[in-house]
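In order, the protein sequence lines correspond to chains A and B.
Basically the numbering used here = 1-based index in the first sequence + 581.
Basically the numbering used here = 1-based index in the second sequence + 3.
These are computed hints drawn from the structure, not numbers from a lab.
Don't take each hint at face value.
Selected chain B positions facing chain A (Cβ under 10 Å, derived; list incomplete) [said to hold, decoys possible]:
#1 V63
#2 N66
#3 T69
#4 G100
Under the rule of at most 25 Å between Cα atoms (straight-line distance), these lysine to any residue pairs were calculated in the SDA-like manner [said to hold, decoys possible]:
#5 K84/B - E34/B
#6 K12/B - K641/A
#7 K57/B - S42/B
#8 K585/A - V670/A
#9 K585/A - P67/B
#10 K6/B - R639/A
#11 K642/A - R90/B
#12 K84/B - N17/B
#13 K6/B - T635/A
#14 K627/A - P67/B
#15 K629/A - K87/B
#16 K629/A - K641/A
#17 K672/A - E91/B
#18 K87/B - E626/A
#19 K12/B - S603/A
#20 K627/A - F33/B
#21 K78/B - S668/A
#22 K629/A - E91/B
#23 K12/B - K642/A
#24 K629/A - I657/A
#25 K629/A - V73/B
#26 K57/B - K624/A
#27 K78/B - R90/B
#28 K627/A - V645/A
#29 K627/A - K585/A
#30 K624/A - L89/B
From a predicted model like this one, the values you see are computed outputs, not experimental measurements.
The beta-carbon is built from N, C-alpha and C at its ideal position, and this holds for glycine as well.
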Amino acid sequence: MTGKTVTRADLSESVYNALGLSRNESAQLVESVLEHVSVALTKGEKVKISSFGTFSVREKKGRVGRNPKTGEEAAIDPRRVLVFRPSHVLKDMINEGAANGSASQAKTA
Amino acid sequence: MIKSELIAKLAEENPHLYQRDVERIVSTIFESISEALASGDRVELRGFGAFSVKHRDGRVGRNPRTGESVDVPEKSVPFFKTGKELRERLNEGYDGG
């Protein structure tokens with residue numbers, strides 16, 4: 582674990598390294614991918630990326646909420662929320678990665 | 004929309020690129036995110052959202068059918084938090100209908 586934060590710049594760098602495109606074009610392609618995903622979601626579509634996960638939109642009904650600090654009632658309007666469901670491949674990758682640090686040594690013995 | 008449809012859209016917008024390059028671009032992006040998460044890093048894409056890894060402690064669960072107790076080992080799970088801009092876009096003009 583390095584505790585680092587990966588950003589758009591890192592993703593475009595990966596694209597730049599993988600293909601022979603310019604840095605500028607690599608950055609634009611990363612942006613296009615995110616934009617296409619966003620547009621599909623705003624249309625209420627699901628976005629399914631195999632071996633990564635599925636983004637879907639869930640509709641929440643309006644309800645009366647409460648400010649937990651003051652106890653005051655507040656109306657919460659109906660809204661749409663985005664849900665990400667990771668694929669098994671991604672979940673397994675993350676657990677293998679995490680296991681490298683601690684639990685896995687026991688298994689190799 | 005599935006991955007191949009996303010690739011098709013990008014290929015259409017970028018006629019100067021080979022289809023296989025577009026496939027490579029899309030795979031590279033999602034693989035980079037996955038690899039970052041696997042090494043415990045966070046991925047923050049402003050306006051879109053942030054991916055992070057959450058740790059879940061081990062616990063004793065129960066088989067709801069038999070009532071038997073089962074050991075659930077500790078694990079790490081990926082988590083996505085929607086960015087502010089995308090959250091707003093999802094709700095533009097939405098009134099529950």
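For each hint, the structure was consulted:
no. : hint            : in the structure
1   : V63             : violated (18 Å)
2   : N66             : violated (21 Å)
3   : T69             : violated (25 Å)
4   : G100            : holds (8 Å)
5   : K84/B - E34/B   : holds (19 Å)
6   : K12/B - K641/A  : violated (30 Å)
7   : K57/B - S42/B   : holds (13 Å)
8   : K585/A - V670/A : holds (22 Å)
9   : K585/A - P67/B  : violated (39 Å)
10  : K6/B - R639/A   : holds (20 Å)
11  : K642/A - R90/B  : holds (16 Å)
12  : K84/B - N17/B   : violated (30 Å)
13  : K6/B - T635/A   : holds (10 Å)
14  : K627/A - P67/B  : violated (31 Å)
15  : K629/A - K87/B  : holds (21 Å)
16  : K629/A - K641/A : holds (21 Å)
17  : K672/A - E91/B  : violated (28 Å)
18  : K87/B - E626/A  : holds (19 Å)
19  : K12/B - S603/A  : holds (21 Å)
20  : K627/A - F33/B  : holds (17 Å)
21  : K78/B - S668/A  : holds (15 Å)
22  : K629/A - E91/B  : holds (21 Å)
23  : K12/B - K642/A  : violated (33 Å)
24  : K629/A - I657/A : violated (29 Å)
25  : K629/A - V73/B  : violated (32 Å)
26  : K57/B - K624/A  : violated (29 Å)
27  : K78/B - R90/B   : violated (29 Å)
28  : K627/A - V645/A : violated (28 Å)
29  : K627/A - K585/A : violated (30 Å)
30  : K624/A - L89/B  : holds (12 Å)
Comparing the model with each numbered hint stated earlier shows that hints 1, 2, 3, 6, 9, 12, 14, 17, 23, 24, 25, 26, 27, 28 and 29 do not hold.
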